[in-house]
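Asks: Just so you know, the protein sequences line up as chains A and B, in that order. Those letters in the first sequence? Residues 1 to 410, per the working numbering, in order. Those letters in the second sequence? Residues 1 to 65, per the working numbering, in order.
Any given hint might turn out to be false.
Sample of chain A residues at the chain B side, in silico, Cβ under 8 Å [stated by the list, open to error]: (1) C326; (2) G327; (3) M358.
According to the in silico footprint, chain B covers these stretches of chain A (three or more CB under 8 Å from chain B) [stated by the list, open to error]: (4) 162-168; (5) 177-187.
Here are a few chain A residues that sit away from chain B, every Cβ distance over 10 Å (derived from the structure) [stated by the list, open to error]: (6) G17; (7) A32; (8) V190; (9) H193; (10) D260; (11) C306; (12) A323; (13) S338; (14) D344; (15) L379.
Think of the hints as simulated: they come from the structure by calculation, not from any bench. In this text, a Cβ means the ideal position worked out from N, Cα and C, and glycines have one as well.
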Amino acid sequence: MNTSPIEVREDPDVHEGPALLAGLASGPSLAAHRTQFGDLPRLALDDLVEAVDDVGLRGRGGAAFPFAIKLRTAAEGSRRPVVVVNLSEGEPASSKDSALARTRPHLVLDGAVATARALRARQVHVVLPGDRPLTTAAMETAMDERRDRRVRLVRHVASPRFVAGQARAVLELMAGRPNLPVTAWTPEAVAGHRARPTLLSNAETWAHVGHLLHTGPPTGLGTDDEPGTTLLTLRLPGARVAVREVEYGTPLRSVLPQEDAAVLVGGFHGTWTTPETARRLTVSVAGMREAGCALGAGLVLAVDDCPVVWTQRIVAYLAGQSARRCGPCLNGLPALASALAALDDGGGTARVEQLSAMVVGRGACAHPDGTVRLVRSLLAAYPHEVDRHGAGYCSWTKPRAVRRLRSVAS
Amino acid sequence: MNRRLRVDWPACKARGLCHELLPEVLELDEWGYPVVHGEVTDELLGLAREAVRMCPRLALRLVET
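When you get a sec, could you build the whole thing from the sequences and use the hints?
Replies: Given below as structure tokens:
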């Protein structure tokens, strides 16, 4: 199986930030957390809904879904809800949830436990990433420090697979079945774990909930439309992996390298942009959507080599990460990887586009759709470079045509 | 009220019976898996229900949109 072209990093440089990542020096212990932020916030469900609605809090796992809608839906069910903290970020290049686990685990858990209490939920399920031992250990240490008679923390470890962190795959894991996506006929917030209303969000979302409940709405941070901050994983050429908390409305330029670099925004399910476009973007859910990008899981990957080659390697990896259950994904992604590789032999983009149209929207999870988003963004942002590959050249490496001729001659 | 056929993708194993019954709405892709085109009209409702019932993998559902 193709390994990820980017290795998982659990030890990014975590920079001091304006909200979640303020006061990192005091460490991740429960005692330090209580000193800094105070006791577990207790509030009624209506106040909680109002608080998250007022700041327009959106999920940070990738889909940017409004948290208040999920919360309200889970609260409206007739059965007792379940709360899930998802730390099994499948994106190998993303390190933000690892950073939170290692620096702010109790902010994450306070957000989830306070919400569970408001919902009268009795269980908070914490789903840990199987391929990230340091993250898992940090969360387990934090969970062991806490005592709560009303809310039980239940631990699960997800498989080391890209699609294992998908919401339905997580629910399968919690039910004791293989940690793979299945078809969702109803939203999790309506019927999820054991058919109970299930409020499943990723670690960063819960950390924002926790911070909001402790310190109130973020004043002076972000924009009127999008208050507050968000976490970015920065992978820049020649630099250590970094996690930074930035305000919404921050120009992306301020975190990018000076030199021209192709930038992948969001994650492996994200969007390629040219250096020119990347410099014009701002960190904003709405703004990025307008520009045809998505903040996704908050990855900013700037590369000083060829985005076509990167995409070939990423899609080959993603094809191998299919759960191999849905026909269009099981057959389509390897075919798409081959079609991308064949660009270098003059295979052309018609087959790539045909396969993209064939797999999109035809799976139990977002894996085919996300992979197609990446491929289409390459064709849109780098059409000339794709053409050059078709002619046997690459702007970043030695002319392939020459290499091919040599190999024919020898 | 609009109705669509939805495929349970992990359950579908490309047996192709749905396409036999309802080529107006279901094509097959190059691997034999169904491609759903548009909504199920009133005239096709009976056939659509039959396709749902006959699927050997129980991988097809009629959903209201």
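Asks: Please go over all the hints and tell whether each is borne out by the structure.
Replies: These are the hints, each one checked on the structure:
1. Interface restraint check for A:C326: the shortest CB-CB distance to chain B comes to about 4 Å, inside 8 Å, so the restraint holds.
2. The beta carbon of A:G327 comes within 4 Å of a beta carbon in chain B, closer than 8 Å, and the hint placing it at the interface holds.
3. Against a cut-off of 8 Å between C-beta atoms, the interface hint on A:M358 holds, since the closest Cβ of chain B lies about 6 Å away.
4. Counting residues of the region 162-168 of chain A whose beta carbon lies closer than 8 Å to any beta carbon of chain B gives 0, which falls below the threshold of three, so the coverage claim is violated.
5. With 5 residues bearing a CB less than 8 Å from a CB of chain B, the region 177-187 of chain A meets the requirement of three and the coverage assertion stands.
6. The claim that A:G17 is not at the interface with chain B holds, since no C-beta of that chain comes within 10 Å of its own (minimum 40 Å).
7. Listed as outside the interface, A:A32 is consistent with that label: its C-beta sits roughly 45 Å from the nearest C-beta of chain B, beyond the 10 Å cut-off.
8. For A:V190, the requirement that its beta carbon stay farther than 10 Å from each beta carbon of chain B is met, with the minimum near 14 Å.
9. No Cβ of chain B comes within 10 Å of the Cβ of A:H193; the nearest lies about 19 Å off, and the non-interface call holds.
10. With a least CB separation of 39 Å from chain B, A:D260 remains clear of the 10 Å interface cut-off, as annotated.
11. Separation of A:C306 from chain B is adequate, the least Cβ-Cβ distance of about 30 Å exceeding the 10 Å criterion.
12. In this structure A:A323 is not separated from chain B by more than 10 Å, as the shortest Cβ-Cβ distance comes to only about 8 Å.
13. For A:S338, the non-interface assignment is confirmed: its Cβ lies about 13 Å from the closest Cβ of chain B, beyond the 10 Å cut-off.
14. The beta carbon of A:D344 sits about 23 Å from the closest Cβ of chain B, which is more than 10 Å, so the claim that it is off the interface holds.
15. The beta carbon of A:L379 sits about 21 Å from the closest Cβ of chain B, which is more than 10 Å, so the claim that it is off the interface holds.
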